[in-house]
Structures are given as C-alpha cells and as structure tokens.
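Engineer: Residue numbers (my numbering), protein chains in the order written: chain A, 6 to 404; chain B, 379 to 942.
Keep in mind that the hints were calculated from the coordinates and are not lab data. Treat each hint with caution, since some may be false.
[As the list claims (entries may be wrong)] Each computed DMTMM-like pair below joins lysine to aspartate or glutamate, with the alpha-carbon atoms no more than 20 Å apart:
#, chain 1, residue 1, chain 2, residue 2
1, A, Lys139, A, Asp395
2, A, Lys251, A, Asp394
3, B, Lys622, B, Asp832
4, A, Lys139, A, Asp394
5, A, Lys115, A, Asp97
6, B, Lys622, A, Asp394
7, B, Lys622, A, Asp240
8, A, Lys251, B, Asp520
9, A, Lys251, B, Asp626
10, A, Lys115, A, Asp96
11, A, Lys115, A, Glu150
12, A, Lys300, A, Asp98
13, A, Lys251, A, Glu241
14, A, Lys251, A, Asp240
15, A, Lys115, B, Asp433
[Claimed, not checked] For each label pair, taking beta carbons as the anchor points, the in silico distance ranges come out as:
#, chain 1, residue 1, chain 2, residue 2, range
16, A, Thr224, B, Gly419, 50 to 56 Å
17, B, Leu479, A, Trp59, 23 to 29 Å
18, A, Ala237, B, Cys745, 56 to 62 Å
19, A, Pro244, B, Asp430, 52 to 58 Å
20, B, Pro423, A, Pro148, 37 to 43 Å
21, A, Thr143, B, Ser424, 57 to 63 Å
22, A, Glu241, B, Thr469, 57 to 63 Å
23, B, Pro423, A, Pro222, 33 to 39 Å
24, A, Pro244, B, Val774, 51 to 57 Å
25, A, Thr143, B, Arg724, 57 to 63 Å
26, B, Pro423, A, Thr224, 31 to 37 Å
[Stated by the list, open to error] Computed far set for chain A versus chain B, every beta-carbon distance over 10 Å:
#, residue
27, Asn29
28, Asn54
29, Ala58
30, Asn130
31, Lys139
32, Val147
33, Met177
34, Pro188
35, Pro222
36, Ala252
37, Ala353
38, Thr398
From the three backbone atoms N, C-alpha and C, an ideal C-beta is built for every residue, glycine too.
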Amino acid sequence: MKHLAILAALLAPVPALADIDVSNWDAVTAEAEGQTVFWNAWGGSTTTNDFIAWVGERVMEEYGVTLEHVKLTDTADAVTRVLSEKQAGEDDDGAIDMIWINGANFAAMKEADLLFGPYAEALPNWALVDVEGKTVQTDFTVPTEGFESPWAMAQVVFVHDTDDMPERLGSMQALLEWTQANPGRFSYPQPPDFLGTTFLKQVLVDILPDPSVLAAPATDENYEDITAPLWAYMDELTPNLWREGKAYPPTGTAMFPLIADGELDLSISFSPGAASTAIANNELPPSVRTFVLDKGTIGNASFVAVPYNSGSKAGAMVVANFLMSPEAQARAQDPAILGYGTVLNMDALSEDDRALFDALELGVATLTPAELGTVQDEPHPSWATRIADDWVTRYGVSQ
Amino acid sequence: MNRRRFLPVLPILTLLAMLGPVAAGLWGTVLPAFGHLPAAGLAGPSLDPFRDLLDWAGLPRAVMLSLSTGVLATGISLAIVVLVTAGWSGTRPFRALERLLSPLLSVPHAAAAFGLAFLIAPSGWLSRLVSPGLTGWERPPDILIVQDSWGLTMTAGLIIKEVPFLLLITLAALGQADAQRSTTIAQALGYGRVTGWLKTVFPRVYAQIRPPVYVVLAYSMSVVDVAVILGPNTPPPLSVQIVKWMSDPDLAMRLEAAAGALLQLGLVVGALIFWRLGEVVVASLGRRWIAKGSRGRLDPVVAQAALVAGGISAVTVLLGLVVLVIWSFAGFWGFPDAFPDGWTLRNWMRFGPGTLEALGETALIACTVALVALILTIGCLEAEYRYGLSFSQRAVWLLYLPLLIPQTAFLPGLQTLMLNMGADVGRLPVMLAHLVFVLPYVFLSLADPFRAWDTRMGTIAAALRASPDGVLWRVRLPMLLRPILTALAVGLAVSVGQYLPTLLIGGGRVATLTTEAVALASGGDRRAIGVYGLMQTGAALVPFALALLLPALIWRNRRGLRHG
Numbered sequence: 006m007k008h009l010a011i012l013a014a015l016l017a018p019v020p021a022l023a024d025i026d027v028s029n030w031d032a033v034t035a036e037a038e039g040q041t042v043f044w045n046a047w048g049g050s051t052t053t054n055d056f057i058a059w060v061g062e063r064v065m066e067e068y069g070v071t072l073e074h075v076k077l078t079d080t081a082d083a084v085t086r087v088l089s090e091k092q093a094g095e096d097d098d099g100a101i102d103m104i105w106i107n108g109a110n111f112a113a114m115k116e117a118d119l120l121f122g123p124y125a126e127a128l129p130n131w132a133l134v135d136v137e138g139k140t141v142q143t144d145f146t147v148p149t150e151g152f153e154s155p156w157a158m159a160q161v162v163f164v165h166d167t168d169d170m171p172e173r174l175g176s177m178q179a180l181l182e183w184t185q186a187n188p189g190r191f192s193y194p195q196p197p198d199f200l201g202t203t204f205l206k207q208v209l210v211d212i213l214p215d216p217s218v219l220a221a222p223a224t225d226e227n228y229e230d231i232t233a234p235l236w237a238y239m240d241e242l243t244p245n246l247w248r249e250g251k252a253y254p255p256t257g258t259a260m261f262p263l264i265a266d267g268e269l270d271l272s273i274s275f276s277p278g279a280a281s282t283a284i285a286n287n288e289l290p291p292s293v294r295t296f297v298l299d300k301g302t303i304g305n306a307s308f309v310a311v312p313y314n315s316g317s318k319a320g321a322m323v324v325a326n327f328l329m330s331p332e333a334q335a336r337a338q339d340p341a342i343l344g345y346g347t348v349l350n351m352d353a354l355s356e357d358d359r360a361l362f363d364a365l366e367l368g369v370a371t372l373t374p375a376e377l378g379t380v381q382d383e384p385h386p387s388w389a390t391r392i393a394d395d396w397v398t399r400y401g402v403s404q
Numbered sequence: 379m380n381r382r383r384f385l386p387v388l389p390i391l392t393l394l395a396m397l398g399p400v401a402a403g404l405w406g407t408v409l410p411a412f413g414h415l416p417a418a419g420l421a422g423p424s425l426d427p428f429r430d431l432l433d434w435a436g437l438p439r440a441v442m443l444s445l446s447t448g449v450l451a452t453g454i455s456l457a458i459v460v461l462v463t464a465g466w467s468g469t470r471p472f473r474a475l476e477r478l479l480s481p482l483l484s485v486p487h488a489a490a491a492f493g494l495a496f497l498i499a500p501s502g503w504l505s506r507l508v509s510p511g512l513t514g515w516e517r518p519p520d521i522l523i524v525q526d527s528w529g530l531t532m533t534a535g536l537i538i539k540e541v542p543f544l545l546l547i548t549l550a551a552l553g554q555a556d557a558q559r560s561t562t563i564a565q566a567l568g569y570g571r572v573t574g575w576l577k578t579v580f581p582r583v584y585a586q587i588r589p590p591v592y593v594v595l596a597y598s599m600s601v602v603d604v605a606v607i608l609g610p611n612t613p614p615p616l617s618v619q620i621v622k623w624m625s626d627p628d629l630a631m632r633l634e635a636a637a638g639a640l641l642q643l644g645l646v647v648g649a650l651i652f653w654r655l656g657e658v659v660v661a662s663l664g665r666r667w668i669a670k671g672s673r674g675r676l677d678p679v680v681a682q683a684a685l686v687a688g689g690i691s692a693v694t695v696l697l698g699l700v701v702l703v704i705w706s707f708a709g710f711w712g713f714p715d716a717f718p719d720g721w722t723l724r725n726w727m728r729f730g731p732g733t734l735e736a737l738g739e740t741a742l743i744a745c746t747v748a749l750v751a752l753i754l755t756i757g758c759l760e761a762e763y764r765y766g767l768s769f770s771q772r773a774v775w776l777l778y779l780p781l782l783i784p785q786t787a788f789l790p791g792l793q794t795l796m797l798n799m800g801a802d803v804g805r806l807p808v809m810l811a812h813l814v815f816v817l818p819y820v821f822l823s824l825a826d827p828f829r830a831w832d833t834r835m836g837t838i839a840a841a842l843r844a845s846p847d848g849v850l851w852r853v854r855l856p857m858l859l860r861p862i863l864t865a866l867a868v869g870l871a872v873s874v875g876q877y878l879p880t881l882l883i884g885g886g887r888v889a890t891l892t893t894e895a896v897a898l899a900s901g902g903d904r905r906a907i908g909v910y911g912l913m914q915t916g917a918a919l920v921p922f923a924l925a926l927l928l929p930a931l932i933w934r935n936r937r938g939l940r941h942g
C-alpha cells in the first residue's frame, strides 16, 4: 500500500484530452490512419498472440492502423514504463499506446492519472455492449468511468481430466478434501500471478459466510480477521499440492502441459473456453472438462486502456473499438481461436451479427452460460494486493 | 591524414565503449541503493533500501542459491574439462569432442536450458522413453526435479554450457603450454596420463585460463535466463529477484533492486576472492602432491569418469535440441508415450511468422553490434601493430571486466540512469549494451590469430610500395579471413544470446528471439518454445557454419589460405 501512496504523491496535472475530440468519430478515424499502435499485452498465451496478430491485420485493412504487439511477461512492466516516462517528462509520445489491463494495475494507473480518457463510452461499438448484464463499468469494484474499454469476459472455471477425476467438486471445502485423498494432483499459478491471486480470492469468497465485506477496501483493522480462514485453509492445502508446494507453475497456461502429462488432474483457468481451445491445439487431452462451484465463481472483464502520453491515441481508440465489434467478439468467442466470453449484448445486435455468434459451437469442454451459474464479484483490488504480498511471505520464500 | 590521427585513439574509444556503460551503470546502481532516485521524488542518502533488502524473508536462501550454483557450476565444469583434457588430449574420443565444440558453444543458454528441462523433468523425454516399461510409471512421479529448491538442475544447465566454453579456452592455452613434450617426459618417468598432465601442464594452462574461469564464476552466480527456466522460485536466486523488483510498477522498489544489485556485486567479488584463496590452497596441496611423486594408480578410472561426464554433458545439449525438434512438430503427446501421437507442421505455421519478425530484429542488432565490435577490434590490433600501443598484461584484465561484473549489478543502474536523463529506450541503446559484452569476446577471439600473422608478409608488401593501409586491406585482412569470420560469428552468437541487456535496456519494446523465447517460458507452451528455441539456436549456429564454409569457397584456389 505504501507503493500506491507514492504513486499518488507523484500526481501532477495531466493535459488529458487536449489533443483529440473523442466524440467526433470521423475525425478520430481520419487521424488514426497511418498511426502505429504499440499494444502491450501479456505474451505468454500463443492463442491470444495469434488473435492479436489477426486484429492487427484487420485494423490495417479497415483503418490503415499498424498494430504492434509488445509481448509482456507481466502487465506491471507496462505500468512501470508509463510511470518512468512521466517522471522523465515524456508526455507526448510514450512507448505504449494501449495496455491489456485490469484490476490493481488499472486502479494504480487511474489513481496516478496515467490514463487517457474518458473515451470508452464514446466509441461507436459501445452501444452494443451489455452494460446491464456484465460488469463492464467496474473493474475489481473500481468504476472505470470510461478510462478503459472492455473486450472479453472472464470467469474462473476448474479444469479437470475426467479420465483421472470424473466428478466435479462443489466447493472449496470439497477441493481441500479431494487433495487430501489425491495428494500432488492439484496446483495453482504462483502468486503474484493474477490467476494464482484469483485462486486465493476464490477460496476466500467461497469459504467466507458473507463475502460482501470484500467489496470495501481492506483495512489494517479488518484484514487479519477476514483472511484468517483463508490462511488456515492454505496451511492445510499446501502439503498436498503438486510438488508439496515447493514449486508452482508460473502461469495458468503453464498448467495445461502438466494436465496433458498427467501430472495434474485439476487446475483452474480464468477463461471458460480456454480448455476447449487447448484441446483443439493438442495441448490438452480430449477427456478434459470444466466445472464451476455450487455458489458460482469470480468473474471479471478484460479491458484495454490508453496511456495519457500515447502518441497514437486515435489509432488506439480505433483498435479498442474494433475489439468490441461483433466480428472481433465472435472470433474471440470461437473455441477454435480463443474461447473468450463476449462483452456484447446479443439483443443489441443486428440479425446478421447475431448469426455470427449463433453459428459458434461452444466447444467440448466449455460450459453454457446457464451452466456457468452465478458470477461472483471481484473483491476490491486492495484485497488482492495484500493477499498476494502475504502469500509470498508465507509460502513464496520459505521452501 | 585524418585516419592517421584516428587510429591511435581507437584503443581508448574501444575501452570507453566497453567500460563506459559498466561504470555508468554501477554509478546508476549506487545512487538508488543509497536512497537517491530523483525520478521517484526520493533523495538520499539513506540506508533504508538495504534495511528493506535485509527484511526480505527470502534473502538468505536467495544468496545461498547464487553462491552455491555459481561455485558448483564453475568447479564441476572446470574439473570435467581439465580431467578430460588431461586424460584424452590427442586421442580419438577427444577429437570427436573437439568437433562438437563449435555447435555446442553456439547453442544459446536459454535453448540449452529448455532442452534440459524437456529431457529430465518427471514427464520429460528420458522418463517417457523408459516408462512404463522399466519404471512402471503410468503417470509422471511427483518429484521436484526442474526448479528444485537447491538449484541443482539449474547448476546442471550451466555446466552443460560452460564445459564447451572452458574446453575451447583450454585448447587455445594448450598450444602455448608446451604440453606435448611435458607429458611425454612425465610419462617416460612412469607417471600416468592424468597425473603427469596435472603435475606438469596444468599449472601453466591454468595461469592462462584463469580470467575465463573467473568469467564463468561471475556469470554463473548472476545468470537470469537459465535461472528463470530451471531455477527455483520459492524464493528465486538473487539475480532473478533483482529483475523482479526492477519491473515492479512501484518505482520505489528500484531502490531495493539497486541494493540487491550491490549485494550481488559484493557476492561475486567475495566469491572471486574465495576462489583465489582456493587457488593458493590447491597450489600448496598440489606442490606437496607433486613432491610425493605418486605416479597415479587411479588414472584410468579418473580419465574414464571424466570422459563419461564430458560426454554426458555434450550429449545432453544435443538430445535437448532433438527434443525441441520433436516438440516443434508434435501433435498431442501424452505421458508416457515415447513419441507424439501425430506429427504436424501446424506449430511451425503458427509460430513461424512471429519468429521471423523476432529473427529480423535479432539479426539487425547482432549484425550491427558484431560489425562495430569487429571494426574496433581490428582498429585496436592494427594500432598495436603500427604504433606499439598494446595492452599491458594488467590492462588485459580490463577486457574481462565487463564479463566479471555481474549483469544484474550494472544493467539496472544503466536503465535507471537513462530514465533519469530522459533518454529513450529502444534499439540503439540495446545495441550499445550488447557491444559491452560482444567486444571482449570478439577481441579475445581475434587477437591471437591477428598477432600471429607473419609480419614478413607486410614487409614484402611495403617493399612493393604498398601503404600501411594497403597492407592491412589487401594482404593482412584477406589472409586472416577465416579468423575474422570466426570472430564475427562469435560476436553474433554472443549478441543473439543476450537476454538481460535486451530486456532491461530495450524496455520490453525490443523483441529478439531470446526475449521472446524466455517470455514464452512462463506460458509453458512447449511447441512454441520448441520453435523459438530452434530458431534461436539456428541464428547463432548458421554464422559459425558460414565462417567455416566461406573461406573454403573464397580460397578454393588458394590452398595455403584455407587453414589460415
């Protein structure tokens, strides 16, 4: 938390919006032509990389915008970069034009006035977005206020190999009991990886009698009491993890080969369709299926944001708008491509566009929207930060 | 006119290009380590960064890992190289090993590390080959091999890459150690092969290979890419943690990173001193051993063991490449199948275009840097020849300095310094950073052949009224074509393999094959890693092949030049 305080202390007036009229879309597309957009997005998932390359081809054809994917190992790198540029006085043409972002990174950048906007709700395709049914206007409970635009919906699902583990589990308590009966067959990515941290939050949300306390920021007073059951749970779980918790997979996708090898029977994913896509790419055996807990699982939206000092804001807006188009959304939802949930409202689409989605097969391991059940809210980002730090101290340095 | 004034300053310029960034980077590390970071609105001096560092619960283990992996990797690879050379130099198995040298050397560290991981993991190829037949494993056993808490796999990953390097250096030193006659006499006096070599030749060889051995020690203690792929993570070795702190969104974490970087520097210096003391102890024990006059009854056993170790190390790298090839063409490949269910070109079609883009960036940087390094090197050597401006014996250590100071100690500082000055990151700064590491290798690779050139050729050419420049361009450089191309290939391979300078100085915007491959490591997609690892290996290997092939083609009608 002291980090965020320092961020806040670095605040300085930002000349936002001085250079571009977001409400005049024709002017935006005209300015965008010929611009190069450096999109900083996590580069560990090859399917996502392929999708971004396709987006690059399409926005070049359609708008003459060149899209360069800067593959990050950690989104925090991009935040650092923008912050460094601000300190160095590079306010006009920074290295980054767009970031795949959410949660704590968004909260930190918004707090420090490092983002361009509001722009998201001025984009033409915003009219198609399902504002009512999907959490696209808050990001980990922090209001987005138009400083980032959504492009995919994510929800925690558990991935299991039915050859070795036929039954789904209904709760985190059931998962704990299952690992005691099957030691070494479950793991989660090492926090502070976002999926690993999400697993910790999922445990907390599932075992707390009333998870609504997590909607407010964590405080020094309530943090220990509220998270005590989580650490008791983790102390019981850890000895029965894969490698007895002495090593962890670095990311979510790194767990797929472990399932394919039969090292793991169970893991988690933040993308309901990723397992189907991985089966199609030979990365998972066809016997893999997914499930959610009885009380539902945590879900959120993936966003893109534009740094305040991007030199290609118009180009970035064009890409952000294209990402919300029915064409891009339908492709992202195709399990053979990406298998991400759409942010669009089916009722707002034209019949032709809806047909794009109706034509999609769900994928053999993907749950239907009804089966995905209740989407639980993300806790306030302050919980994630504290829990991840705490995890590192408890389990990340001791083995 | 101009050139005459330019040439004498080239050695200074070269030293500046090599040591300037190191000195600047260290300065940029010292300031934030004592709490001074204007970019984050912090002014020192303060000891808080060191206090924060000491408060980090993972510090003791991280420090232990840095020390143990570095000392073990250096000690074991040196022992293998020395004993193999002692027991087998001049024999057939030794020549076979020698032939493998260039390809083994040019395999980048990251690719070799991936290959090792894919081989020896519980679900790796070796386990697949013998399962379930020999082991009865229907599923991979839950054993911690890759990323083990003691860093043993990481140490092994370093050894398989340092053995070829030290062997090459030792071979170069052998020529000047009068090894053949010494061993003949020792054997005539009844000494065993290994014992005789160790007692007579080793002291002279070691005196020559000492700087590269120190380089290996410093490198192994502070390596990042191999540690990310093979090293433990709860906690990681110190160098990896420094890089993690450097990429924290909170700029204040750079203070802790800088303090860690200084600690890393201190550790390396300490380990070098410890190693030096070890040399003294070994020397005095060795003298007693020599005086005892033992002839070495165990020699054959020792020699066999060393050859097996050296062979395993070489074969591991090669098998690692094979398994990368298999993964890059694999359809679904479940455990315990020895081979994939099906073979497919799909992986190459998917990742090929991406690798080509990264290859372009890699080639652009590597070619520029290697060429600049070559020009500076030739300039220095020519200045030495014409004006007698040679490095003294002490100054030779300056060449090794950029390789002895851990990358994690000065690169973060260099990045912070550039940040404070507002300098943009990008390709050019990356090239300058690569030059720091490429220059010493190019210089060391070319210096001996350049100096060994028969100067009487120059005298003859001058007598035929060739100017000094004419002698250089029309006689000396063409005659030295092969060593020059080899030096260029060495420079290219070094640049291709650079991970940390590209990552830190490039600000993530410069994507080479190495940075892309290590970034993919976190995603765990073995097919993509296979494709990228092979492309990376190819980028380093092809120049070596060309360096062998081109002189043979160009001098196909000049027999005397083909081996020059």
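Engineer: Return the numbers of the hints above that this structure violates; sort them in rising order.
Structural biologist: Failing hints, ascending: 1, 3, 4, 7, 9, 12, 15, 16, 17, 19, 21, 25, 28, 29, 34, 36, 38.
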